[in-house]
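Chemist: Now for the letters of each chain:
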Amino acid sequence: GQQVMQIPQYQHVQEGEDFTTYCNSSTTLSNIQWYKQRPGGHPVFLIQLVKSGEVKKQKRLTFQFGEAKKNSSLHITATQTTDVGTYFCAAPRETSGSRLTFGEGTQLTVNP
Amino acid sequence: SQTIHQWPATLVQPVGSPLSLECTVEGTSNPNLYWYRQAAGRGLQLLFYSVGIGQISSEVPQNLSASRPQDRQFILSSKKLLLSDSGFYLCAWSRGRFGVGTDTQYFGPGTRLTVL
Numbered sequence: 001g002q003q004v005m006q007i008p009q010y011q012h013v014q015e016g017e018d019f020t021t022y023c024n025s026s027t028t029l030s031n032i033q034w035y036k037q038r039p040g041g042h043p044v045f046l047i048q049l050v051k052s053g054e055v056k057k058q059k060r061l062t063f064q065f066g067e068a069k070k071n072s073s074l075h076i077t078a079t080q081t082t083d084v085g086t087y088f089c090a091a092p093r094e095t096s097g098s099r100l101t102f103g104e105g106t107q108l109t110v111n112p
Numbered sequence: 001s002q003t004i005h006q007w008p009a010t011l012v013q014p015v016g017s018p019l020s021l022e023c024t025v026e027g028t029s030n031p032n033l034y035w036y037r038q039a040a041g042r043g044l045q046l047l048f049y050s051v052g053i054g055q056i057s058s059e060v061p062q063n064l065s066a067s068r069p070q071d072r073q074f075i076l077s078s079k080k081l082l083l084s085d086s087g088f089y090l091c092a093w094s095r096g097r098f099g100v101g102t103d104t105q106y107f108g109p110g111t112r113l114t115v116l
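Chains F and S, in that order, are what the protein sequence lines are. Under the working numbering, the first residue of the first sequence is numbered 1, with each subsequent residue one higher. Under the working numbering, the first residue of the second sequence is numbered 1, with each subsequent residue one higher.
Treat the hints with caution; some may be incorrect.
[To be verified] Just a few of them, taken from the derived set where beta-carbon distance is under 10 Å, the chain S residues facing chain F:
1. Trp7
2. Arg68
3. Arg72
4. Phe88
5. Ala92
6. Asp103
7. Gly110
8. Arg112
9. Val115
By construction, these hints were calculated from the structure, which means they are not laboratory data. Virtual Cβ for every residue (Gly too), placed ideally from N, Cα, C.
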């Protein structure tokens, strides 16, 4: 079945350093979504990318969708302690657009 | 605006006891509803999916069942809990098939279940 691979699994950074997580699929995706889950919390939708090569920004967060629509990345510039959490990418399943395949997530810790 | 509620927030149950977790959505009609389980430090495992009242799709064989007695109510149940049922249970909704952005999911606060 469809798989979405996400790396790295863990990332530890010093506050002020940059952070990037990557998501890859073997199949072309109709869209890619990103979610953030704070420690002890629930996943919260961040953004959806639909177009080939699309780039979207939310303050210090930059989201990219690959030209082939098979990969995506989330980059955080100058991390802050408020960025701590697990970041998941997710893509609609080929057989059911209403169900999502989630990546395993990247757990980000930020040392102050 | 739409809101999603789950209860209880935490639950400690003995092995072999029954389980009932409830999820309700407000502010939308005909939502798709989902139950996920998340083990500590792990990803999201989809357990059940529903597109309407009484319509339940099971993703994996397990000790759990789901029901949707009303349009915006989704219930997760078990007759006899196992130790392996421990985890963080998340309910989510997305807009139904006739809505815009039908695949974006919105999660409830979750229920932390510990089976002893």
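Chemist: Per the CB criterion, is Phe88/S less than 10 Å away from chain F?
Modeler: holds, 8 Å
Chemist: With a cut-off of 10 Å on the beta carbons, see whether Arg72/S makes it to chain F.
Modeler: Violated: closest Cβ of chain F sits about 16 Å from Arg72/S, beyond 10 Å.
Chemist: Does Arg112/S pass the interface check with chain F, least Cβ-Cβ distance below 10 Å?
Modeler: Status holds, d = 9 Å.
Chemist: Would the stated hint for Ala92/S survive a check requiring a Cβ distance to chain F of less than 10 Å?
Modeler: holds, 8 Å
Chemist: Closer than 10 Å between Cβ atoms is the bar; does Trp7/S clear it against chain F? Give me holds or violated.
Modeler: Since the shortest Cβ distance to chain F is 14 Å, the answer is violated.
Chemist: For the restraint on Gly110/S, tell me whether the closest CB of chain F is nearer than 10 Å.
Modeler: holds, 5 Å
Chemist: Hey, does the Asp103/S contact hint survive, CB to chain F under 10 Å?
Modeler: holds, 5 Å
Chemist: With a cut-off of 10 Å on the beta carbons, see whether Arg68/S makes it to chain F.
Modeler: This interface hint is violated because 15 Å lies over the 10 Å limit.
Chemist: Closer than 10 Å between Cβ atoms is the bar; does Val115/S clear it against chain F? Give me holds or violated.
Modeler: At 19 Å from the nearest chain F Cβ, Val115/S fails the 10 Å test, so the hint is violated.
When the structure is compared with the earlier hints, violations turn up for hints 1, 2, 3, 9 and for no others.
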